[in-house]
Amino acid sequence: MSGSMEFLLWTKGAMFNIAIAIFAIGLLVRIAEIFMLGRAKNFAEARAGEWGPGLRTMFTRTVADPGTFQRAPFNVVVGWVWHIGFLTALLLFLPHIKLIESLTGLSWPALPNPVISLVTSVTLVALIATLVHRMTHPVKKRISTVEDYLVWAVVFAVVLTGWLAYYRLVNPYPLVLGMHILSAEIMLILLPFTKLTHIFTTFIARWYNGAAFGRKGVQS
Amino acid sequence: MAARKPTEKTLGESLRERGVSRRGFLKFCAATASMMALPPSMVPAIAAALEKAKRPSVIWLSFQECTGCTESLTRSHAPTLEDLILDVISLDYHHTLQAAAGDAAEQAREQAMAANAGEYLVIVDGSIPGPDSNPGYSTVAGHSNYAMLMETVENAAAVIAVGTCATFGGLPGANPNPTGAMSVMDLVKNKPVINVSGCPPIPMVITGVIAHYLTFGRLPELDAYNRPMAFFGQSIHDRCYRRPFYDKGLFAKTFDDEGARLGWCLYELGCKGPTTYNACATMRWNDGTSWPVEAGHPCLGCSEPKFWDAGGFYNAVSVPTSASGVNVLAAGAAGAVVGGAVAALAKKQTKTAVAHRQPVTVEELEAKL
Chain A
5 MSGSMEFLLW TKGAMFNIAI AIFAIGLLVR IAEIFMLGRA KNFAEARAGE WGPGLRTMFT
65 RTVADPGTFQ RAPFNVVVGW VWHIGFLTAL LLFLPHIKLI ESLTGLSWPA LPNPVISLVT
125 SVTLVALIAT LVHRMTHPVK KRISTVEDYL VWAVVFAVVL TGWLAYYRLV NPYPLVLGMH
185 ILSAEIMLIL LPFTKLTHIF TTFIARWYNG AAFGRKGVQS
Chain B
64 MAARKPTEKT LGESLRERGV SRRGFLKFCA ATASMMALPP SMVPAIAAAL EKAKRPSVIW
124 LSFQECTGCT ESLTRSHAPT LEDLILDVIS LDYHHTLQAA AGDAAEQARE QAMAANAGEY
184 LVIVDGSIPG PDSNPGYSTV AGHSNYAMLM ETVENAAAVI AVGTCATFGG LPGANPNPTG
244 AMSVMDLVKN KPVINVSGCP PIPMVITGVI AHYLTFGRLP ELDAYNRPMA FFGQSIHDRC
304 YRRPFYDKGL FAKTFDDEGA RLGWCLYELG CKGPTTYNAC ATMRWNDGTS WPVEAGHPCL
364 GCSEPKFWDA GGFYNAVSVP TSASGVNVLA AGAAGAVVGG AVAALAKKQT KTAVAHRQPV
424 TVEELEAKL
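First to last, the sequence lines map onto chains A and B. Residue 108 in this note's numbering sits at position 104 of the first sequence, with consecutive numbering throughout. Residue 149 in this note's numbering sits at position 86 of the second sequence, with consecutive numbering throughout.
For the record, the hints were derived by calculation from the structure and aren't laboratory data. Treat the hints loosely; a few may be bogus.
[What the hints assert, rightly or not] Below, a list of computed lysine-lysine pairs in the BS3-like style, where the Cα atoms sit at most 30 Å apart:
#1 K199/A with K145/A
#2 K220/A with K410/B
#3 K311/B with K115/B
#4 K72/B with K117/B
#5 K316/B with K45/A
#6 K311/B with K252/B
#7 K102/A with K144/A
#8 K102/A with K254/B
#9 K45/A with K311/B
#10 K115/B with K90/B
#11 K144/A with K45/A
#12 K117/B with K254/B
#13 K72/B with K90/B
#14 K117/B with K90/B
#15 K431/B with K45/A
#16 K199/A with K411/B
#17 K117/B with K311/B
#18 K72/B with K316/B
#19 K102/A with K220/A
#20 K45/A with K220/A
#21 K220/A with K254/B
#22 K431/B with K414/B
#23 K115/B with K102/A
#24 K431/B with K199/A
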């Protein structure tokens, strides 16, 4: 027979192994390809070093410039809120740390659960706001693709099921915990093949930009 | 005139014969009501029902088990095992507790089945090698467990599976399940099956289910795993007295650190309380003395299916059951090789295209028009 506990054990066992393998293979395929393709050789003489400006740009581009903020304050503020909320819940919630520790041996102190639950609640509201904004903003609405909505749905599902599991709002609990783990696994599987790859490529791209600026001797 | 069978007497008659006072009887009813989370106003109704109830004949079958469930039952304190056997039920067959042996024992079972056809209760502890398994894996008096179970439940009123082996396969059913062990509900499809899981189950839950059946003449409300909601309706975590420490984020990191001494939450030490449904946290063990979490040990989740195969007992609930960092690294390395090959192929294609580029002149294009 098959019940909620069997479902939970499937998500913690066979399905987890499948998801993490697809994630690791897919991500490394993408990143190895990006690095090996590299850039066309630049024959011009470099005016300055690449490393300093490259590393600097990785951080400076993380903060939106005043012009961007004035043009799209919603994107900047809500984007920051839910990204920080998501990362806080992902990396500083004790059960997640125990999972990472079991795979890597690395661990760090967790935040108290009430802090995580508050942060997660704020993240959920922010995520709903991003969807409403995407569906109502005249430009965003037109440029949004199926992938944008798919990625939103998967990220939202991960946070929502996690929140439901934390507050134990679905009975039996193994069912909602299994749903949370399964949605996280779907996110892992989609990650290398959708715009979610930016989790890993954003900083690489910023380094490339900064390095190119540095080489040309312009402000990075 | 032939003597009445014990099962023909009502419970009230039998109690009076044994000199049990009205007061003692009502105390028993009150204990039953509180155990089943019923309001005190139900006590007179329970008393009236039990007064008239006939003691059911009970046949207890033990298959692939360790006798832990029977050991647990003998420590029942409300009602005690003596009360249960002598006053509440007529236990006509039980390997461990009966005096009879050999053929006489088997005859007792057959007589009880014939005399109470359609009315007797069957209690099973232990898992059963399935119909496709070698019947010799476990036999009683020359009968395979499967044959004995199917024969005995044929005319039973209901079946109560006691312990995680009988309810979910338990330890004998753990991977790789060499005997093809199956649970009672896997095999018995045409009779009501009620599951009292746990390794072992709390004794009062076993007796409480029987008392409920006698009081109301039907089985109690069950959850998705056929377990009585009165005892399995809430998780260990929700009823744990250490829960406030979980909510505050205060965890014992080892069995002898400051947190362990202060009684903090055992989540990090592998407590399966969040995913386990049982009544340990409220009913406790040994006459309400203590229970595993109170004794400083994490809950193993013994009342849930596949608890032997659910990963390490001392791993947190969130830890995957079989993943290893080495496998992830291997998958990543394989991915990097594939990525490198894809990039090399792309580069090669670009080079080939450049080498074989055939310039087109304006004249040639115009000629095609």
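Verification of the supplied hints:
Only pairs whose Cα atoms come within 30 Å are accepted, and K199/A paired with K145/A is accepted, the gap being roughly 17 Å. Distance hint between K220/A and K410/B is fulfilled; the C-alpha atoms sit about 26 Å from each other, no more than 30 Å. Distance hint between K311/B and K115/B is unfulfilled; the C-alpha atoms sit about 51 Å from each other, more than 30 Å. Simply put, K72/B and K117/B have alpha-carbon atoms about 6 Å apart, close enough for the 30 Å limit, and the pair holds.
Our distance criterion of 30 Å between C-alpha atoms is broken by K316/B and K45/A, whose separation comes to about 54 Å. For the given pair, K311/B sits about 46 Å from K252/B by alpha-carbon distance, which is inconsistent with the 30 Å threshold. A threshold of 30 Å between alpha carbons decides the hint, and for K102/A with K144/A the separation of about 39 Å lies outside it, so the pair is violated. Pair hint K102/A plus K254/B does not hold up; C-alpha atoms about 44 Å apart against a cutoff of 30 Å.
Restraint check: the Cα-Cα separation between K45/A and K311/B comes to about 56 Å, which exceeds 30 Å; the hinted pair is violated. As the CA atoms of K115/B and K90/B are separated by approximately 17 Å, the hinted pair is consistent with the 30 Å bound. Annotation: proposed proximity of K144/A to K45/A is violated, straight-line Cα distance about 36 Å (limit 30 Å). Of the supplied pair hints, the one linking K117/B and K254/B holds, its CA atoms being roughly 21 Å apart against a limit of 30 Å.
This hinted pair checks out: K72/B and K90/B have alpha carbons roughly 21 Å apart, not beyond 30 Å. With a CA separation close to 19 Å, the supplied pair K117/B and K90/B stays within the 30 Å bound. A distance of roughly 37 Å separates the Cα atoms of K431/B and K45/A; the hinted pair therefore is violated under the 30 Å criterion. Restraint check for K199/A and K411/B: the C-alpha separation of about 27 Å stays at or below 30 Å, so the hint holds.
Pair hint K117/B plus K311/B does not hold up; C-alpha atoms about 52 Å apart against a cutoff of 30 Å. Distance hint between K72/B and K316/B is unfulfilled; the C-alpha atoms sit about 57 Å from each other, more than 30 Å. Simply put, K102/A and K220/A have alpha-carbon atoms about 46 Å apart, too far for the 30 Å limit, and the pair is violated. Distance restraint check for K45/A and K220/A: the Cα-Cα separation of roughly 14 Å lies within the 30 Å cut-off, and the hinted pair is therefore satisfied.
Distance hint between K220/A and K254/B is unfulfilled; the C-alpha atoms sit about 82 Å from each other, more than 30 Å. Between the alpha carbons of K431/B and K414/B the distance comes to roughly 28 Å, so the proposed pair stays at or under 30 Å and holds. Our distance criterion of 30 Å between C-alpha atoms is broken by K115/B and K102/A, whose separation comes to about 56 Å. With a C-alpha separation of about 43 Å, the suggested pairing of K431/B with K199/A is violated against the 30 Å cut-off.
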